[in-house]
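What follows is each chain in one-letter form.
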Amino acid sequence: MEMATVRHRPEALELLEAQSKFTKKELQILYRGFKNPSFLSFPECPSGVVNEETFKEIYSQFFPQGDSTNYAHFLFNAFDTDHNGSVSFEDFVMGLSILLRGTVQEKLNWAFNLYDINKDGYITKEEMLDIMKAIYDMMGKCTYPVLKEDAPRQHVETFFQKMDKNKDGVVTIEEFIESCQKDENIMRSMQLFENVI
Amino acid sequence: MAAGVAAWLPFARAAAIGWMPVANCPMPLAPTEKNKRQDELIILNVSGRRFQTWRTTLERYPDTLLGSTEKEFFFNEDTKEYFFDRDPEVFRCILNFYRTGKLHYPRYECISAYDEELAFYGILPEIIGDCCYEEYKDRKRENAERLMDDNDSENNQEGSMPSLSFRQTMWRAFENPHTSTLALVFYYVTGFFIAVSVITNVVETVPCGAVPGSRELSCGERYAVAFFCLDTACVMIFTVEYLLRLFAAPSRYRFIRSVMSIIDVVAIMPYYIGLVMTNNEDVSGAFVTLRVFRVFRIFKFSRHSQGLRILGYTLKSCASELGFLLFSLTMAIIIFATVMFYAEKGSSASKFTSIPASFWYTIVTMTTLGYGDMVPKTIAGKIFGSICSLSGVLVIALPVPVIVSNFSRIYHQNQRADKRRAQKKARLARIRVAKTGSSNAYLHSKRNGLLNEALELTGSTEDEQHVTKGTSLIESQHHHLLHCLEKTTNHEFIDEQLFEQNCMESSMQNYPSSRSPSLSSQHGLGSSGCSRRSKRSHLPNASVAATRLRSLQELSTIHVPCSQQPSLTTSRSSLNMKSDDGLRPNCKAAQITTAIISIPTPPALTPEGESRPPPSPSHASIPTTTSNIVKVSAL
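Sequence order for the protein chains is H and Z.
If you want the working numbering, it's the 1-based position in the first sequence plus 906.
If you want the working numbering, it's the 1-based position in the second sequence plus 1225.
So that you can see chain H by itself, here it is in the shape it has in the complex (with noise of 0.2 Å):
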């Protein structure tokens, strides 16, 4: 069993301190943990970068009841930017920064980001039901009340409902955000996350 041989050395502490919203204990706290996630499983866990398997590892451990796989890899499309197949420190750092410190404007478009599987800047429903699909599984099978077959799809009809303003069967990035900023629930629960470091 060969270790990996390709040993991925993150930028400097001070650049990505400058490029990203987090103070440098905090890139030390982040890296701590995305360096060596302990919990895992399995033996070899290529150092420097996350690779999707370990990410939807990492990922079910919060879901206990239910199957996160199908969310976490959306996720993991969703923090790879370049699209290399695997997560660097750099690349965590920015998604969370965004996440965590980023205005409204930024943390919506990273929403929308997520949705659009295909990055084509639209939403289809097909897209949206498969998002829904995957959130709907990780409430895994014991529920209260029992989860039906069409609940997801039901969940795409209102949330289109709410977004597609021009009723042409997408969700374009302006409508999505327009959409967003109306409802106060929304707005509110974007803020949610602040203090999580």
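Worth flagging that the hints you see were computed from the coordinates, not collected in a lab.
Computed from a predicted structure; not experimentally measured.
Do not take every clue at face value.
[As the list claims (entries may be wrong)] Covered stretches of chain H (chain Z as the covering partner; in silico rule of three or more C-beta atoms under 8 Å from a C-beta of chain Z):
hint, region
1, 916 to 930
2, 967 to 976
3, 1038 to 1045
4, 1050 to 1058
For each residue, glycine too, the CB sits at the ideal point set by N, CA and C.
Since the structure of chain H is already known, use the hints to place chain Z on it.
This is chain Z only, laid out in the frame that chain H set:
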């Protein structure tokens, strides 16, 4: 450039003064050191043990963690040292690598722990010095074998693979007899027939009583028909088995070349050849020889016996030792045979007629058999004969322990694999329990949270304290995350018990029976009351306690939460505050009593009417509209 050499660079550069007078052209400018830092001592704090070294020592290997800017991520501003939360023992080896350029592998260290540390510090294991490299590689190989065993057994027990073709199922049944009953039956049947066949072959040759007037017959000749029938039956079974295996094999070419299939073929061939040429006198001699091959059927047992397979594998893996044994024995035999021949040449009527004839004596003597059919008579012969037997003991005793230790290693490995497979089930169960444990922790904290709020609102502070005991920050954040997921999907997490109850009652709903009240009607119940954040609280403990109280009366208890049905997403406390004030005492009572007893259903909203007897009496007079949990007994 190697580590220590860099220290001599100033000397080499200084010595370059010797070229200056001879040079014709001007010299290039010396490179300026951009960041001329004084070489400083840096402190590396590894789990409390402080190591100190020069900065330049670490910078010798700039593509590792310690040698690059990556270590800045671990710099602690307050104490001005680099803190690593890792194993200090292994760090000693790693730091020595920077100092001496050689990486050593300590024998007492676990191989996977060591590998992890190397990966963390960004050091390739190939750099391990020659002194420790063999040991490292050996341990690594053992570990890999162990993991491969694990993976193999995992793959084999992937169980319930729905999309296996018939062919694949058959192959699996052949290889792992314990996968299905049919496979097991097949396994035992073939085993039985192998045994029968072997015993037949043996008994065939036993003399079976003389027919009067002729010579002693063997059983085979006397009961020829019976033995022939037995043989036919066995061969038919073996042929069918072979053809089935051939059909099911994933790679037929590889199967044909495998040892077991060759044994199968050799075992059944004599019969068919015998059928073909029964009456041909010329080849009947060869035919008789062919019957010898029938004994190969006994090797078919190796599919049935783990130990035989291990033995075969051991012999294969000890091929070099066996080869050495054979070679040295041959050398010794030739030497001693020659010596004995010439020593006994003189004596009369000597049995040692030639050197090859003496081989027999040498072999018999070296293996300490000593049949005594050939014995030396001259004194020289006897002396050399004794030397021969003494050396025989030595030569044979030497390679045998190697073979034995190999066998022991492989055998124990197999034992371990079997044990691990058995333990795997227990391990998976434990993992599952841990998972449910964490989800139960969430549900538990939800209940506590609800209780907490109720108590908060009713102003009883002292109770509040012991409910908000040690949930750490991480736990509470995790629970917050799960709660957000619930809110996103408008569904709640419940534990399996409740889920099954819900399933049961929703299937009972389908019967238009008057016995069980329908859930939907109960949903309309229950005004605002004490539901705070429109959380439905489930108190399984309550149900358990209550069922114990009423085990005689109730068939099942159904939890019917009451809630503000429409607004599931937003119900902030401001909404509830007003209504809560008035109902405060009731709420408190309701909350607390729900933990102990069951609360009767509200006056009949059930369309089925009063066909069921009123539910079990409550122990407190609580206005039912404010009940948070309504327990309905279905009788």
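Hint numbers the structure violates, sorted upward? Violated hints: none; all satisfied.
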